[in-house]
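Protein chains in written order, with the working numbering: chain S, 9 to 108; chain D, 287 to 470.
These are calculated hints, taken from the structure and not from any lab test.
All residues carry an ideal CB built from backbone N, CA and C; glycine is no exception.
Any given hint could turn out to be false.
Claimed, not checked - One side only, chain S facing chain D, incomplete, derived with CB under 7 Å:
#1 81
#2 86
#3 90
#4 105
#5 106
Claimed, not checked - Below, a list of computed lysine-lysine pairs in the PhoX-like style, where the Cα atoms sit at most 25 Å apart:
#6 D/369 with S/95
#7 S/95 with D/462
#8 D/369 with D/462
Claimed, not checked - Chain D residues, not near chain S, derived (Cβ > 10 Å throughout):
#9 289
#10 392
#11 393
#12 396
#13 423
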Amino acid sequence: MITTTHYLILSLVLFTLGVIGMAVRRNFITVLMCVELILNAANINLIAFSRQFGDLTGQVFAVFVITIAAAEAAIGLGIIVALVRLKQTTNLDQVNVMEG
Amino acid sequence: MSWLLVHFPQIVFYALAAVAVAGAVGVIAFRNPVHAALSLLGTFLAVAGLFVLMEAEFLAAVQILVYAGGVMVLFLFVIMLVKARTLPDEPQYLGRLAPAAVGLGVLLAVLVGVGVWGAAHGAPGDPAALRQVQGATLGNTEAVGWSLYRDYLLPFEVVSIVLLVAMIGAIVMGRKESPKEGGA
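Sequences and hints are given; from them, build the entire structure.
The structure is reproduced here in structure tokens:
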């Protein structure tokens with residue numbers, strides 16, 4: 009029997025890997041991929057609880073999360089294109105144009 | 287053979303979970319962004335399989351269409367566009383942020399513990415209720431559609447405006463600095 013707890017632990021592992029990736033990788037594109045991992049972990053949680061409580065709200069909010077993830081990817085990749093045009097790099101440590 | 291049939295959901299769950307976790311490890315382990323993106327694709331597809339296992343077929347289809355189809359193509363396109371594979375990617379250690387990272391980790395563990403405890407002790411609902419709309423039994427897509435357009439119509443419209451703003455923002459950021467100088 010696969011319970012909600014199984015899904016929560018899988019979601020925790022994916023979320024943690026996403027956060028670790030955001031902390032240790034300095035490539036902007038990889039960091040954006042880690043954000044997608046985190047949003048996927050959130051979706052697994054939403055749908056697991058939707059199944060447990062027999063409530064469709066979780067699935068509807070997962071649709072919203074996917075929409076926001078798509079918007080975030082479009083904006084983030086647009087920023088990358090602008091950044092490469094400006095600094096010829098996607099390394100986050102070299103991006104300090106807004107530092108005072 | 288009967289053992290296989292009885293334990294089929296468990297086998298599928300553990301196989302898909304292993305693929306999802308392996309893909310996630312690949313995302314942060316591969317140095318080449320193209321390999322990381324393809325690894326992420328494996329995670330997306332495995333998560334879509336898990337959605338099917340949780341009887342959320344509509345979201346599994348959306349996951350494949352939007353993530354595997356749209357977002358992944360966007361990622362690969364930008365990786366090719368900016369030639370990110372030639373750029374260095376040095377790991378950066380947390381340094382003086384380490385205490386904050388440990389504190390946040392402990393907080394996260396507590397929150398997850400509460401969530402897992404709640405899931406194990408909460409009153410389970412009836413999964414069949416997921417398909418009941420106004421007394422009729424529907425498919426998952428139809429039920430999600432009813433909920434989306436009847437109970438969550440305003441958030442749905444707001445999120446469409448978010449998408450529109452994101453689209454305009456991506457266009458503005460993607461074009462050249464100034465039409466006069468760049469000649470775009």
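Results of checking the hints against the structure:
At a threshold of 7 Å, the smallest CB-CB gap from residue 81 of chain S to chain D is about 5 Å, leaving the interface hint in force. Below 7 Å, beta-carbon pairs count as interface contacts, and residue 86 of chain S has one with chain D at about 4 Å; its hint therefore holds. Nearest Cβ of chain D to the Cβ of residue 90 of chain S: about 5 Å, under the 7 Å cut. The hint holds. About 14 Å separates the beta-carbon of residue 105 of chain S from the nearest beta-carbon of chain D, more than 7 Å, and the hint is not met.
Against a cut-off of 7 Å between C-beta atoms, the interface hint on residue 106 of chain S is violated, since the closest Cβ of chain D lies about 15 Å away. Note on residue 369 of chain D and residue 95 of chain S: the hinted pairing holds, with a Cα-Cα distance of about 13 Å set against a maximum of 25 Å. With a C-alpha separation of about 14 Å, the suggested pairing of residue 95 of chain S with residue 462 of chain D holds against the 25 Å cut-off. In summary, the hint linking residue 369 of chain D to residue 462 of chain D is supported, as the alpha carbons are separated by about 18 Å, within the 25 Å threshold.
Distance to chain S confirms residue 289 of chain D as a non-interface residue, since its nearest Cβ pair spans about 15 Å, more than 10 Å. The non-interface label for residue 392 of chain D is consistent with chain S: the shortest C-beta to C-beta separation is roughly 13 Å, beyond 10 Å. For residue 393 of chain D, the non-interface assignment is confirmed: its Cβ lies about 12 Å from the closest Cβ of chain S, beyond the 10 Å cut-off. Residue-level check passed: residue 396 of chain D sits 12 Å from the nearest beta carbon of chain S, beyond 10 Å.
Distance check for residue 423 of chain D against chain S: the nearest CB is about 13 Å away, which clears 10 Å, and the non-interface claim stands.
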